[in-house]
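Q: These are the residues of each chain, in order.
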Amino acid sequence: MSEIFGVPTQALFGQLLIGLINGSFYALLSLGLAVIFGLLNIINFTHGAQYMMGAFAAYFLAQKLGLGYWWSLILVPLIVGASGIVIERLMISRLYKLDHLYGLLLTFGIALIIQGAFRHQFGSSGLPYAIPKELEGGQNLGFMFLPNYRAWVIVASLAVCIGTWFVIERTKLGAYLRAATENPTLVQAFGVNVPRMITLTYGFGVALAALAGVMAAPIYQVNPLMGADLIIVVFAVVVIGGMGSILGSVLTGFALGVVEGLTKVFFPEASNTVIFVIMAIVLMIRPQGLFGQR
Amino acid sequence: MRMKLKALAAAAALALSGGAHAQISGNVVKIGVMNDQSGTYADLAGPGSVEAAKMAVEDFRAKDKSLNVEVVFADHQNKADVGSQIARKWYDADGVDVIVDVPTSSVVLAVNQITREKGKALIVSTGATSDLTGKACSPNSVHWTYDTWQLANGTGSAIVKTGGDSWFFLTADYAFGHALERDTEAVVIKNGGKVLGKVRHPFPSSDFSSFLLQAQSSKAKVIGLANAGADTTNAIKQAAEFGIVKGGQSLAGLLVFITDVKSLGLDKAQGLVLSETFYWDLNDQTRAFAKRFSERMKGLHPSMGHAGVYAGVLHYLKAVAALKSDDGTKVVAKMKELPTDDPLFGKGSIRADGRKIHPSYLFEVKKPSESKGPWDFYKLRATVPAEQAFRPMEQGDCPLVKK
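These protein sequence lines are chains A and B, in that order. Take 0 as the starting number for the first sequence in numbering that gives the first Met the number 0 and just add one per residue. Take 0 as the starting number for the second sequence in numbering that gives the first Met the number 0 and just add one per residue.
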């Protein structure tokens, strides 16, 4: 059996695949962040809390209404997205004319409140959420045993990311959105309802976070801290990819997932920090991010 | 003349007040419960330990009203610097006389040192490292409920003796994980087994897929989980996903609390072999305690950590009442002198190195079909008597123990 740097090749491929799976979560979450920042110029710190709310909403739909995973995939983004729209209408929209920093502070504060409330109510051990029956079990690929559910995560996030990118970069609606961020007054003069578009876009970004939450619920435990741990890494991903670039954040999400996976093999104790080391290096060499233009 | 008289009177008053050594400082015994109130270890200790301490105070005062007792609590967030800061503030400014519980071994080692410097008292219930009665032993600390040596010799040796002779360790990368891995490795090798590999994961972690994959490719018969709380439950859930147990390897939960089993559910946890020193369903007294506890804690049943806080505080208060002083070093010495007797751990004693002795039980988690009610999780597999459950004093390298 051949080896690369002392690790059997087969084991390495397994770790790469795992890295891709984690990368899918990073990609999905950073896509939502990039959409919100790129199009609305809001640094949405509440993203992690909204991811967590997505997982909890899936848990409650299952517990109280008996609605399974597939229903949650559709309903939860709508529900949490709606809550996002409420936040945007009531609070965030007042800050558009001000510096970025105020949006950051506001969304950070909202995140702390939401997380604190959930933690107070639900404790920290985590609530169980079952993998849907259709996706149980796995495939023996020879070099590793790949659970079906994790394969589904890669496929689904790729689909969502590509779909979102396509809508924003290649359709008329996306063109209006991009134009509205560059010059809202002009676009409004053409009769397009800009405030409504902005609200719906924020709702869409939040819905993406909630979707990631539903997909994460069967793998990680549904607990109030799940968003806080992830959001910092996702911000690093967005910074590395370039704050305004949607394609950049998706590609970087997957790539950094793989890098983290490799670090877990060769130097596991550093796996929590490697993404930040990369972020520091990228900021020094190319501050606008790998794919950013601003 | 008047000044001289005043000065004389003041001097006399000071001299007389110097004789008040053997009194309770501030006229109140203040107990500080320090643990993780909201993170990885919040369910096995957390608010439950605070409630257990309050129950102990109430039960003590039902029989003996000679002391004023107050219970305060704080969240150390599993960080040694936060824990140290809280300990110093408590001891210096808030008049706390004893700190109890303290899970997370890196924090408890720091608090142990501070307690010794300040001459106060520390009763460790959920903290695990066996170093507390080894090279870090102190005349101001009592290690109550369990430790990494007892776990290794309970669960570890039971598994090796039944055929699990090749191990791979998945270790939380901090003091507790290292201590548990070290003690269990020693047991495995002593019983003729081999350790095929180890991997250290950051503490805390939520995704173990990569580490479990490494464990799988090592082909070790047993994967030892040298971690606790949410880390252990996440690792077990994800191991089920990756077909580890179906592939023929078994998981050894080296530190599992009943709250972890509740969080996993019996279908995922069934068959797990674990060591605890308390179980709510052991006898009528433990059942009575569990009933009172669960009524106050919205149905949560006590873990061995909670039980240790209750019993430790009770014994501490008895020692304070007997001594009529809350001077830390003296009270701990008195606690070692008095034999212990409480409804949860029965009769026992505290050794010179600070180690409280009581039996250790080997449990196996029931299958869902075998469980007759909520929290009916364990069947008793073996009982290790108190004298054999913990590391012999001579082997601990504790400077307090005369050789």
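The hints are simulated quantities; they were obtained by calculation from the structure and are not laboratory data. One thing to keep in mind: the hints can contain errors.
[As the list claims (entries may be wrong)] Simulated restraints, written as ranges between beta carbons of each label pair:
id, chain 1, residue 1, chain 2, residue 2, range
1, B, Gly270, A, Phe59, 41 to 47 Å
2, B, Asp91, A, Phe266, 39 to 45 Å
3, A, Phe107, B, Glu294, 36 to 42 Å
Predicted model only: the values in this text are computed from it and were never measured. By construction, the Cβ of each residue, glycine as well, lies at the ideal position given by its N, Cα and C atoms.
Q: If a hint holds in the structure, say so; if it doesn't, say that too.
A: Checked hints:
no.: 1; hint: Gly270(B) with Phe59(A): 41 to 47 Å; verdict: 30 Å, violated
no.: 2; hint: Asp91(B) with Phe266(A): 39 to 45 Å; verdict: 41 Å, holds
no.: 3; hint: Phe107(A) with Glu294(B): 36 to 42 Å; verdict: 39 Å, holds
The structure fails to meet hint 1 from the earlier list, while all remaining hints are met.
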